[in-house]
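Student: Spelled out from the first residue to the last, the chains are:
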Amino acid sequence: MVLPGRYTGNNIKIAKPLTLIGVDFPVLDGEGKHQIFTVAAGNVTITGFELTNTGISSVKDLAGVEAIGADYLRIFNNRFIGTYFGVHVANTKACVIEKNFFRANERKEYETGNGIHLWQCSDAVIRNNYITRHRDGIYFEFVTRSLIEHNLCVNNMRYGLHFMFSHQDEYRNNVFSKNGAGVAVMYTHNVKMEYNKFEQNEGNSVFGLLLKDISDSEVKHNTFIKNTMAVYLEGVSRTRFEGNNFKLNGYGIRLQANCDANTFTQNNFLSNTFDLATNGTLVLNNIDGNYWDKYQGYDLNQDQIGDVPYRPVNLYSMVVERVPAAVFLWRSFMVFLLDRAEKALPVITPENLKDNYPRMKPYDYRSSA
Amino acid sequence: MSRIIRYVFYDILRTRFVIFYTLFLLGSTFALFQLDADPGKVILSMMNVVLMVVPLVSIVFASIHFYNSYEFIELMIAQPVNRKSVFMGQYFAVASSLSLALLTGAGLPMPFYGITPAGIALLYTGILLTWVFVSLAFLSAVLTRDKAKAIGVALLFWFYFSLIYDGLILWVMYSFMDYPLEKVTLALVSLNPVDLARIILLLQLDISALMGYTGAFYKAFFGSSAGILFSAGVLVLWVVLPVWLSLRIFMRKDL
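If you read the protein sequences in the order shown, they are chains A and B.
Remember, this note's numbering sits 1155 above the position in the first sequence when you count from 1.
By this note's numbering, the letter at position 137 of the second sequence is numbered 117, and the numbering carries on one by one without gaps.
Keep in mind that the hints were calculated from the coordinates and are not lab data.
Honestly, I wouldn't trust all of these hints.
To be verified - Cross-link-like lysine to aspartate or glutamate pairs, in silico, EDC-like; alpha carbons within 16 Å at most:
hint, chain 1, residue 1, chain 2, residue 2
1, A, Lys1449, B, Asp18
2, A, Lys1402, B, Asp18
3, B, Lys127, B, Glu51
4, A, Lys1516, B, Asp16
5, A, Lys1449, B, Asp16
6, B, Lys199, A, Glu1357
7, B, Lys21, A, Asp1448
With these hints in hand, go ahead and build the complete structure from the sequences.
Tutor: What follows is the structure, given as structure tokens:
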């Protein structure tokens, strides 16, 4: 137990199983120079502290809590204010990071570290944390079989969530909002992303969700609102997108032609400028059974499925892909005419990229989200 | 001059055409608001009306009106009234009556369904476009004595600004796509009042898509106070220049 007060923490090393409980958030101050905790043993619990002012170093990753080989580490109910890295965990099994608050000082991107940084871990649980103003909110590298849920990543400099080579993980019910570049998921297979919310990630080369070299994964029941590019896919295969809401985005989905065997179904596309954009004519993905608010077909047999296939790729999105400056002619009468002509007789847009069973009415996901 | 404006103004307001125009705008605006719950989408559909119908109606009505009041103009000029006040009186009366029709037709439903910045921008650009195209109509009317020819010229103006010009720009952009085109397109946009109006509206509506590099550039420019002054200034220039030119022609013309 540690009583309230202000302690200047100078790299407290914990080398055996221990539970540290702060009463009324005692402040551990790294004086802008030091790391605060270094954990090098299993079964350590740290709770109820305010950790502040770690040093900044580009050589060592100074953190509020650094843990190496600390299996069953538990960090909950702490405040990390102005730490360089918040929690930095490596080579650890089954750590739990829960109900913490992370706020980095407002610095430049290279002067701030990640909120929660995990390297070569497994079976981790990260739940109910609030992370803001860090470089990456949550950073995973070589982290497997882990669960990230109910976290809130807002206003981080780079990515809200950034992970690479992290297989068999699940991400649920997180909110990623107004981050520098949204969420990036790379070189990973068997990921599940469900019920997350990606909103207002705006700007050039900014994505709600960036997927690069992902396979055998699931993206379900997420909400994408007001992103410049809601989902960007590059080299993604055998991944299922189901029950997502795309609303008021610049691009709903930007699908590079090197993606294959992906399925998009039962998604809602509402008020996006471009629902789907692509850069080639090769089509290896299935987009049947979505609701597109721009669909203008009819439904004679009243089975709620449109009788005419819908081609979501807009001619003008292909033009803008080649000549970005052309975006300013968007919604002019001439573009409208070109688009109509192209819809009637596809020449430039991929003819086979079409929804054969477009829904007439949007799916109702409000009850589930 | 104010007396001429008043007479012509009341005269136009009594004609069936302006009443139909107002009712058409009123009906379509109400219908759009009823059909779609999302006010953003309504403004989007109304943007098409403002960018297509308003210029067309303004330019055709103004040029027809000019020829219909030819005898009135001749009569007025026979009186001790100077030509400038006759001509400008006609101009202000036509432009303001069409603006009034737009304001009531498109503006009246707005308070019922919520006033948005995009809606205000819509009315603002609509009124400016009305004035621009009435100016162009007067220019085409003084250029020739033949009514059919003048209406043809007026329609050509409309076609050029709403369709042909954009096609030319797209062609230019495709030919020079290897070069940075942002500043060039900005200059090209200023040469077409319809494009300028559309971009002012687009920045209110499609923010996300326009946030790419080009979009960011436009937003930085048109969002700044200098940009707002610039776009308003250019549109006003589009109003003033044709009127000034046509006034010059009218002053010297043998009627």
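Student: Now look at each hint and say whether the structure bears it out.
Tutor: Checked hints:
1. Taking the CA atoms of Lys1449 of chain A and Asp18 of chain B, the gap is near 14 Å; set against the 16 Å cutoff, the hint holds.
2. In summary, the hint linking Lys1402 of chain A to Asp18 of chain B is supported, as the alpha carbons are separated by about 12 Å, within the 16 Å threshold.
3. A C-alpha spacing of about 13 Å is found between Lys127 of chain B and Glu51 of chain B, which places the hinted pair at or below 16 Å, so the restraint holds.
4. Between Lys1516 of chain A and Asp16 of chain B, the direct Cα distance comes to roughly 14 Å. Compliance with the 16 Å bound is thereby established for this hinted pair.
5. Between Lys1449 of chain A and Asp16 of chain B the alpha-carbon distance is near 13 Å, which keeps this suggested pair within the 16 Å criterion.
6. Between Lys199 of chain B and Glu1357 of chain A, the direct Cα distance comes to roughly 13 Å. Compliance with the 16 Å bound is thereby established for this hinted pair.
7. With a C-alpha separation of about 11 Å, the suggested pair Lys21 of chain B and Asp1448 of chain A falls inside the 16 Å cut-off, and the hint holds.
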